[in-house]
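Trainee: These are the residues of each chain, in order.
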Amino acid sequence: MAAYFLGRAGRGIIALFVVSIVAFLLLHATPGDPIITMLGPDATPQMARDMRHRLGLDLPLSSQYLAWIRQVLRGDLGISIRTGQPVLSLVIGRVPTTASLAVFATIISLLLGVGLGIVAAANRGRLWDQTATVVAVLGISLPNFFVGILLMILFSVLLRWLPISGPPVDFLRAPAESLRTLLLPTLALGASYAALVARMTRSSLVDVLSAEYIRTAYAKGMRPSRVLIRHALRNAFIPVLTTVAINFAYLLGGTIIIEQIFALPGVGRLLLQGVEQRDYPIIQGIVLLMSAAFVCVNILADFLFGVIDPRIRLGKAGE
Amino acid sequence: MDRLLRNPIVGTAFTVTIGLCLIALLAPILSPKDPLKMDFKAQLTPPNWSYPLGADSFGRDVLSRLIHGARISLGISLSSVLLSVAIGVPLGCVAGFVGGLADEVLMNAADGLLSLPPLVIAVALVGTMGPSVRNVVFALTVVYAPRFARLSRATVLALRGQDFVQAIWALGARGPRILARHIVPNTVAPLLVLATVTFGQALIAESGLSFLGLGAQPPTPTWGSMLSESQGFIQQAPWLPIFPGLAIMVAVLAFNILGDAVRDAIDPKLRGR
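Residue numbers (this note's numbering), protein chains in the order written: chain R, 209 to 527; chain V, 629 to 901.
Hints are supplied without guarantee of correctness; some may be wrong.
To be verified - Taking beta-carbon pairs under 7 Å as the criterion, some of the chain V residues facing chain R (in silico): (1) I715; (2) A752; (3) F839; (4) Q863; (5) N884.
Claimed, not checked - Taking beta-carbon pairs under 10 Å as the criterion, some of the chain V residues facing chain R (in silico): (6) I657; (7) L742; (8) S743; (9) L744; (10) V751; (11) I832; (12) S835; (13) G836; (14) L842; (15) G852; (16) S856; (17) Q859; (18) L874; (19) M877; (20) A882.
Think of the hints as simulated: they come from the structure by calculation, not from any bench. Glycine included, every Cβ here is placed at the ideal spot set by N, Cα and C.
All chains, full assembly: derive it from the sequences and hints.
Mentor: See the structure below:
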């Protein structure tokens, strides 16, 4: 048991190490010279030298990395070149928007996806199943930015129910207002996620439904809906949650685009502003934090499954 | 293969894929107008006889831009998948076949890269290196190559233990020859499935990047940039985003269906799931 948790934590730490190297190399070893790009074409060699020195870029790569990682571990992600503010506090200011977006999109996709998956699995091979499968495949193939624009055209331009973009959102402070602003972005972000969840729910349920204990439950004269919900869904849920955890990465990536479309002031937009203004410490800090968030979600998910399902913990999953 | 294509859905997906490739290859011949030519009298015209899919905010022909956009969008996706295969597969095969330290290092690196959110990494890479077609291909290769390394390693490991490989060892064949002649050919099928599915994802990623202004730079048309340019005009011209959006969707859909079909053909156990 302890071995399982330690193993997972170890893999998480290796992943975080790779994350840090990628984020580090981003600024230090990209093709082209970020310093020149940062300063613009008019920079004198002296200015470039000064900037390099200020950022510690004149040291050997390995000692630069060590110095940088020590800084990061103390919670110092550097200073934004454009605004002069610490990167960490800039990012933290943007987290509520992105977090609300991600959490609501997950909730919506679980509700839609699990629902659709159950309908499909319960009617396996029939019209409902085929319809649900088609909807799921369409959902996976639709890029979230297209869904976002379609929703915008439908609800904001044609029906005029919702504003094209709304006030800044902080769900904890102004729940009602932020829900109104977040509704379309959340739907756009959750759609393809929901399709993935639906697909996984269906195939996982179909697997479980062929198990013998399910036949026993039917044989006892249990109502089909009860068998499905009480017995099958419970066991089918772990692969579904794994899908949710793994695809959290796509959700994070999706927030970048969705925040841009709906003009939401989240972390993703900060990243794009960093890109536009060539503010490299911001890019680096956000890559580090977003990747770390993703790695942590996956470690937590693994831990959770280990607690829920002893077969996983003991390494017997799939037997 | 024959049996696969007789399935009407798979057949359609296959036809669509071939059609898209032809459109991309023959873009200059097929496109009715110059995709870059602006006609300010035609700004935001709805679809009509002279502009079958309407004109954009600069009065450029949407149909011609879509046709030329296929070149960039499909070209970038194809190049990044091919590069990922070219880099990932040899590394994965060697790691699986040689084992030991090389395996440890390569696979930990691959796992680390796989545990990063793809679009975040791609945006950061292209953002730092500067938006261009070459950098998009590079970023997508960084994101996708580890998958191919992982899969080919797993396949090689499974094959290495099999009787026919053991038999060839016993016959005195040398390692590199076994790898090249007997193992690599057997990894083709699973890699083909992964490549097809990855292609669809690469297409979405490429469109996303060019939607964010990080792909091919204007005025070069790409499906993603056409979509983002149209967003500012959805009040006046709500039809404008539909066509590039549909183009992306149809292409990705065709590849997803093909990927599923190839997987079913290779592994009949998975059929209908």
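Trainee: Now look at each hint and say whether the structure bears it out.
Mentor: Hints, verified against the model:
no.	hint	in the structure
1	I715	violated (16 Å)
2	A752	holds (5 Å)
3	F839	holds (5 Å)
4	Q863	holds (6 Å)
5	N884	holds (6 Å)
6	I657	violated (28 Å)
7	L742	holds (8 Å)
8	S743	holds (4 Å)
9	L744	holds (5 Å)
10	V751	holds (6 Å)
11	I832	holds (5 Å)
12	S835	holds (6 Å)
13	G836	holds (5 Å)
14	L842	holds (7 Å)
15	G852	holds (8 Å)
16	S856	holds (8 Å)
17	Q859	holds (6 Å)
18	L874	holds (8 Å)
19	M877	holds (5 Å)
20	A882	holds (9 Å)
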